[in-house]
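**Q** Given chain Z, put chain X with the ligands in place with the hints provided.
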Amino acid sequence: MEIKIMKNILDRNQNKANEVRNLLTLKKVLMVNIISSPGAGKTTLLERTCEALGAKFRIGVIEGDITTDRDAQRLKKYNIPIVVINTEGGCHLDSHSISKVLDNFDLDNLDVLFVENVGNLICPSQFDLGETFKLAVVSTTEGDDKPGKYPMLFREAVAVLLNKIDLIPYTNFIFDSFRSDLNKINSQIPLFEVSCTRGDGLPEWYQWIGEMINISR
Amino acid sequence: MHELRIAEDLSAIVLDTALRNNLSKVTKVNISFGQLIQIVPAIFEFAFRETVRNSVAGSAELDIEIVPVKMKCMNCGSDFQVNENLFACNICSSTDLGIIQGKELFIKSIEGE
Ligand SMILES: Nc1nc2c(ncn2[C@@H]2O[C@H](COP(=O)(O)OP(=O)(O)OP(=O)(O)O)[C@@H](O)[C@H]2O)c(=O)[nH]1
Ligand SMILES: [Mg+2]
Ligand SMILES: [Zn+2]
Numbered sequence: 001m002e003i004k005i006m007k008n009i010l011d012r013n014q015n016k017a018n019e020v021r022n023l024l025t026l027k028k029v030l031m032v033n034i035i036s037s038p039g040a041g042k043t044t045l046l047e048r049t050c051e052a053l054g055a056k057f058r059i060g061v062i063e064g065d066i067t068t069d070r071d072a073q074r075l076k077k078y079n080i081p082i083v084v085i086n087t088e089g090g091c092h093l094d095s096h097s098i099s100k101v102l103d104n105f106d107l108d109n110l111d112v113l114f115v116e117n118v119g120n121l122i123c124p125s126q127f128d129l130g131e132t133f134k135l136a137v138v139s140t141t142e143g144d145d146k147p148g149k150y151p152m153l154f155r156e157a158v159a160v161l162l163n164k165i166d167l168i169p170y171t172n173f174i175f176d177s178f179r180s181d182l183n184k185i186n187s188q189i190p191l192f193e194v195s196c197t198r199g200d201g202l203p204e205w206y207q208w209i210g211e212m213i214n215i216s217r
Numbered sequence: 001m002h003e004l005r006i007a008e009d010l011s012a013i014v015l016d017t018a019l020r021n022n023l024s025k026v027t028k029v030n031i032s033f034g035q036l037i038q039i040v041p042a043i044f045e046f047a048f049r050e051t052v053r054n055s056v057a058g059s060a061e062l063d064i065e066i067v068p069v070k071m072k073c074m075n076c077g078s079d080f081q082v083n084e085n086l087f088a089c090n091i092c093s094s095t096d097l098g099i100i101q102g103k104e105l106f107i108k109s110i111e112g113e
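Top to bottom, those sequences are chains Z and X.
So in our numbering, spot 22 of the first sequence is number 22, and the numbers just go up one at a time.
So in our numbering, spot 74 of the second sequence is number 74, and the numbers just go up one at a time.
Keep in mind the hints are simulated off the structure, nothing from the lab.
Careful: at least some of the hints might be erroneous.
To be verified - Pair ranges (Cβ atoms, derived):
1) X:109 to Z:198: 51 to 61 Å
2) X:84 to Z:143: 11 to 21 Å
3) Z:208 to X:24: 25 to 35 Å
As the list claims (entries may be wrong) - Subject to a maximum C-alpha distance of 25 Å in a straight line, what follows is the list of computed SDA-like cross-link-like pairs (lysine to any residue):
4) X:103 to Z:19
5) Z:149 to X:104
6) Z:4 to X:41
7) X:70 to Z:19
8) Z:4 to X:20
9) Z:4 to X:55
10) Z:4 to X:84
11) Z:184 to X:84
Just so it is clear, the structure is predicted and the values come from calculations on it, not from any experiment.
The C-beta atom is built at its ideal place from N, Cα and C for all residues, glycine as well.
One chain only, chain Z, in its complex shape (with noise of 0.2 Å):
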């Protein structure tokens, strides 16, 4: 006997991602879920992200750490409220975990929500956690070569970060090969050059971010 189901495999984390969308759209709070290797930069943006824009808007951080909170631990001078899920081994977080902390956040009073995914360049790609947009961030000591490696994540996402930019002196990164490999994939989507140890290219995350802030406020 053969009996017919045809449905999702992840119904349950779509169907909990909706309800965190619509909750999200409904307090008008930017999710952004930052997707990228391991070390390749996510908590130092966060950390240039709330120097420069802390002022301006109101902040919150969910940092999916694996077992530690040591992420958390750098961002905690900026005062903003931040809450750590530990996936305990496991390599993405999932809209169940996301849902429960949200309670943590006083929604009415946030205008944007960093989460900072696990460092993986696959898994956290096919998890919806309700996000407004995937950002994608690579660095340049990875190589130039991730975007044709990860072609799902390079879609999915509404903007790319390369960081490090600072360091392509040292390694055997060609911008040119990243951006072709880019391209391919997914021509039309931003692309910003940055260091976040250095600064260069922040100004222009920082005004897009604002606007992305400010249009869905």
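**A** Leaving out everything else, chain X with the ligands in the frame of chain Z:
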């Protein structure tokens, strides 16, 4: 790694469906995965085995269909299959596209008795 979580969600659906249909044995599980999902079938199969061990689906065969990526061009309306990650219309070169298939994580049916 995400194979494990997806396998867990899959086996929950399989076991729930088996229970509701009074199956004493699930012989086959038919699923389809889009190419963009980048699931490694061998790892997935292994993860699935772990999650259904000692259940009515313990010996079920897993049939995984890999679905190629197909897009629709919003400019000229043609459909095309994406090869070598080139997301541009093969007729008019437009990059204004909608996805038709390739992101599936889909359970089609189960078979059993
Ligand atoms: N040279 C250089 N180093 C950077 C830059 N941005 C970040 N780093 C360094 O890269 C290392 C990793 O940065 P993090 O911000 O912790 O990276 P992450 O993506 O949050 O890492 P995980 O949370 O562990 O995945 C740190 O030592 C940073 O100081 C940059 O633009 N240039
Ligand atoms: Mg970090
Ligand atoms: Zn066309």
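**Q** If a hint holds in the structure, say so; if it does not, say that too.
**A** Hint check results:
1. X:109 to Z:198: 51 to 61 Å: 56 Å, holds
2. X:84 to Z:143: 11 to 21 Å: 18 Å, holds
3. Z:208 to X:24: 25 to 35 Å: 58 Å Cβ-Cβ, so the 25 to 35 Å window is violated.
4. X:103 to Z:19: Roughly 21 Å separates the two Cα atoms, so the pair holds.
5. Z:149 to X:104: OK: residue 149 of chain Z and residue 104 of chain X at ~19 Å, within 25 Å.
6. Z:4 to X:41: 22 Å, holds
7. X:70 to Z:19: Violated: residue 70 of chain X and residue 19 of chain Z sit about 29 Å apart, past 25 Å.
8. Z:4 to X:20: 13 Å, holds
9. Z:4 to X:55: OK: residue 4 of chain Z and residue 55 of chain X at ~20 Å, within 25 Å.
10. Z:4 to X:84: 33 Å, violated
11. Z:184 to X:84: 9 Å, holds
In this structure, the hints that do not hold are numbers 3, 7, 10, in rising order.
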